[in-house]
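K.L.:
Construct the entire structure; sequences and hints are all you get.
Each chain, written out:
2 protein chains.
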Amino acid sequence: MSMDLTFLGTGSAYPSPHRGASAVVLRTEGECWLFDCGEGTQTQLMKSQLKAGKQNKSAGKINKIFISHLHGDHLFGLPGLLCTVSLNYSPTQPPNCVDIYGPVGLRHFLRVALELSGSQLVFPYAVHELEPTGDQCPPEGLLSPTVTQSSESLHPQERPGRTICLEGESDCYLLFEEKHFTVKAFRLFHRIPSFGFCVQEYDRPGRLNTHLLKELGLTPGPLYGQLKNGETITLENGQVVKPSEVLEPAIPGRKVCIFGDCSSLLGEGGLKACRGADILVHEATLADGFQERAVEHGHSTPSMAAAVARSCEVRRLVLYHFSQRYKPVSLQKDSEEDDVLELQRQAEDALKGTATEVSLAEDFLTLPIPIKRSN
Amino acid sequence: MSMDLTFLGTGSAYPSPHRGASAVVLRTEGECWLFDCGEGTQTQLMKSQLKAGKQNKSAGKINKIFISHLHGDHLFGLPGLLCTVSLNYSPTQPPNCVDIYGPVGLRHFLRVALELSGSQLVFPYAVHELEPTGDQCPPEGLLSPTVTQSSESLHPQERPGRTICLEGESDCYLLFEEKHFTVKAFRLFHRIPSFGFCVQEYDRPGRLNTHLLKELGLTPGPLYGQLKNGETITLENGQVVKPSEVLEPAIPGRKVCIFGDCSSLLGEGGLKACRGADILVHEATLADGFQERAVEHGHSTPSMAAAVARSCEVRRLVLYHFSQRYKPVSLQKDSEEDDVLELQRQAEDALKGTATEVSLAEDFLTLPIPIKRSN
Numbered sequence: 001m002s003m004d005l006t007f008l009g010t011g012s013a014y015p016s017p018h019r020g021a022s023a024v025v026l027r028t029e030g031e032c033w034l035f036d037c038g039e040g041t042q043t044q045l046m047k048s049q050l051k052a053g054k055q056n057k058s059a060g061k062i063n064k065i066f067i068s069h070l071h072g073d074h075l076f077g078l079p080g081l082l083c084t085v086s087l088n089y090s091p092t093q094p095p096n097c098v099d100i101y102g103p104v105g106l107r108h109f110l111r112v113a114l115e116l117s118g119s120q121l122v123f124p125y126a127v128h129e130l131e132p133t134g135d136q137c138p139p140e141g142l143l144s145p146t147v148t149q150s151s152e153s154l155h156p157q158e159r160p161g162r163t164i165c166l167e168g169e170s171d172c173y174l175l176f177e178e179k180h181f182t183v184k185a186f187r188l189f190h191r192i193p194s195f196g197f198c199v200q201e202y203d204r205p206g207r208l209n210t211h212l213l214k215e216l217g218l219t220p221g222p223l224y225g226q227l228k229n230g231e232t233i234t235l236e237n238g239q240v241v242k243p244s245e246v247l248e249p250a251i252p253g254r255k256v257c258i259f260g261d262c263s264s265l266l267g268e269g270g271l272k273a274c275r276g277a278d279i280l281v282h283e284a285t286l287a288d289g290f291q292e293r294a295v296e297h298g299h300s301t302p303s304m305a306a307a308v309a310r311s312c313e314v315r316r317l318v319l320y321h322f323s324q325r326y327k328p329v330s331l332q333k334d335s336e337e338d339d340v341l342e343l344q345r346q347a348e349d350a351l352k353g354t355a356t357e358v359s360l361a362e363d364f365l366t367l368p369i370p371i372k373r374s375n
Numbered sequence: 001m002s003m004d005l006t007f008l009g010t011g012s013a014y015p016s017p018h019r020g021a022s023a024v025v026l027r028t029e030g031e032c033w034l035f036d037c038g039e040g041t042q043t044q045l046m047k048s049q050l051k052a053g054k055q056n057k058s059a060g061k062i063n064k065i066f067i068s069h070l071h072g073d074h075l076f077g078l079p080g081l082l083c084t085v086s087l088n089y090s091p092t093q094p095p096n097c098v099d100i101y102g103p104v105g106l107r108h109f110l111r112v113a114l115e116l117s118g119s120q121l122v123f124p125y126a127v128h129e130l131e132p133t134g135d136q137c138p139p140e141g142l143l144s145p146t147v148t149q150s151s152e153s154l155h156p157q158e159r160p161g162r163t164i165c166l167e168g169e170s171d172c173y174l175l176f177e178e179k180h181f182t183v184k185a186f187r188l189f190h191r192i193p194s195f196g197f198c199v200q201e202y203d204r205p206g207r208l209n210t211h212l213l214k215e216l217g218l219t220p221g222p223l224y225g226q227l228k229n230g231e232t233i234t235l236e237n238g239q240v241v242k243p244s245e246v247l248e249p250a251i252p253g254r255k256v257c258i259f260g261d262c263s264s265l266l267g268e269g270g271l272k273a274c275r276g277a278d279i280l281v282h283e284a285t286l287a288d289g290f291q292e293r294a295v296e297h298g299h300s301t302p303s304m305a306a307a308v309a310r311s312c313e314v315r316r317l318v319l320y321h322f323s324q325r326y327k328p329v330s331l332q333k334d335s336e337e338d339d340v341l342e343l344q345r346q347a348e349d350a351l352k353g354t355a356t357e358v359s360l361a362e363d364f365l366t367l368p369i370p371i372k373r374s375n
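Line by line, the protein sequences are chains A and B.
FYI, the working numbering numbers position 263 of the first sequence as 263, with every residue one higher than the one before it.
FYI, the working numbering numbers position 245 of the second sequence as 245, with every residue one higher than the one before it.
One should not assume that every hint holds.
Since copy identity is lost for identical chains, a pair holds within one copy or between any two.
[Stated by the list, open to error] Below, a list of computed lysine to aspartate or glutamate pairs in the DMTMM-like style, where the Cα atoms sit at most 25 Å apart: (1) 352 with 338; (2) 51 with 363; (3) 372 with 313; (4) 47 with 131.
Keep in mind that the hints were calculated from the coordinates and are not lab data.
Nothing here was measured: the structure is a model prediction, and the numbers come from that model.
P.N.:
Okay, here's the thing in structure tokens:
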């Protein structure tokens, strides 16, 4: 199953002509998940190679949306994106429910924006809210319940969503488990409650050792399928064959972790969830030299991101959410003081001696996430 | 006083890479007024020539915002624009109140968006709401009072705004009168209540006839100013000079009218307000051939816009708010069926025999509005 990540916006604070506001798309065969939706995400999507032929065809495929926190540069594109997806929905496309995950308050925001703008969608949606803990931000960053608990009735296309609480043991939020993936959220510390997301693909059985099977006298057929599905079989000669005897080691599932804005992880949940990730996408708003200022604003530097990657022993750290002062490499002039490549160097320096690679995200960059080899 | 209009977005329904969502800036010396604020307006502003040197410098100057109606393609850029203006506010700039005018419901939308996103602004703002009449749209387009009457308290930077009702006699809404302008709104018929705006500059006294003044023995000095200000003066020889004797005819004020989405005007207010306008900006979402569909969706065609321009005897009709099917002229291919120039031709045909000129708006087009000659 192919899998890739596309960055639609890699700038912090606000969208600019050279960096969109936060938005990342995780694509697998048949699924298109959006992580954060800053203002302008729908236009970035149209400009991207995700647009397949017809405008917004891929936008129409977005079936799950994850909002890390409610700051405008991660949120304000959501009502417009939903409206445009709806306008461009193919009449032959089944109107599947779009599931939206994010902090408490998201449901009210979307309801008010869609209701007051008179927006009707051709598909249903549900908002599943994560209940933050009181220590995810300074006290002034917490919303009062009177603001988040909307008294209005559901929007006509809204389906009741769940409220998801922290699980004590895992220190994580279990968002859902489906055919190929388990998705969890974990707590981050920021100016307002912020979350990271972990997408874990299930391990898959290893390949059948056909050489061995032939030696046992088995030719390709239904018995192959039974063994692959983990069933023990008995041959005509009475010999019992266990799957473990003829299967190569399992293929470990891929793991992709995407962090919202943060100056630190909170609790053990994130570290546990992200351990061994294939890709860890982490913000690096400002260079190491501005660490004090970054932390004061609830943000990270490359070295801080690298420390998380090191603790989790990830394969690749991808930096994003750069201050708009850092131009994309292609637009950078020699005379410019702020060099985004310096951010990469700082993370690489901090990860010296580890196997972790460092990449810089840019708008419209697509990173394939290859299938792993058997252990 | 110089005066010009800049189009930041000329597309309907949603922003696309080739046409932004609705937004028009009216600039005069020292004032910068924004009409509608679709998603992406802040980025369009940064891309435009209105950005003077430093990013968003001109955005920081926007001191009045007018929202014609609450559809997302005219509204969803507003919270983000205010946040970015705030972020880029110069510390030396006095934090003047931003006055925002729009239909009932706008105050609640902005309050919820700013509150839930934890947005603090460095300047105060006030939302002045226009009370629509029940016949501005089909019944299903009216908001229920439970949706628009927010129970929350004011946002920390919010100042109490006025509720503005229709004035029976003029059939208009008087938004404000200030040093150089009177601004009114008038009613339009659309799928939801929509408004047009009329900016009327005051007439200015004509020039002094210096030839005549010299004949009377007056040399340039304070007496010139008194005459210009409309005061009658008495010369040393006892002769009385009235301003009307030495002033050329008054210079009529300029008038700019900007329509929100509509399939028609409602009542006489708009016609009266727009009479003789220098520029009338009117939507033309679809070509004449699609009139039925346009009207069904509450929109206009070029001929419909031309009919309004003809009734009002305007100098120039500017068409905008084009369906995204109409590419800008510069991007249009010969093979394309939908030709935006055809929209201009249709309006021109409908205005044959009149003195009204027709222009097509495009993103980033700036139209100067020259001072008129004396009558």
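K.L.:
For each hint, tell me whether it holds in the structure or not.
P.N.:
Structure-based check of all given hints:
1. 352 with 338: within (23 Å within a copy, 57 Å between copies)
2. 51 with 363: both (14 Å within a copy, 23 Å between copies)
3. 372 with 313: Answer is within: at 16 Å inside a copy they meet the 25 Å cutoff, but 71 Å across does not.
4. 47 with 131: neither (35 Å within a copy, 39 Å between copies)
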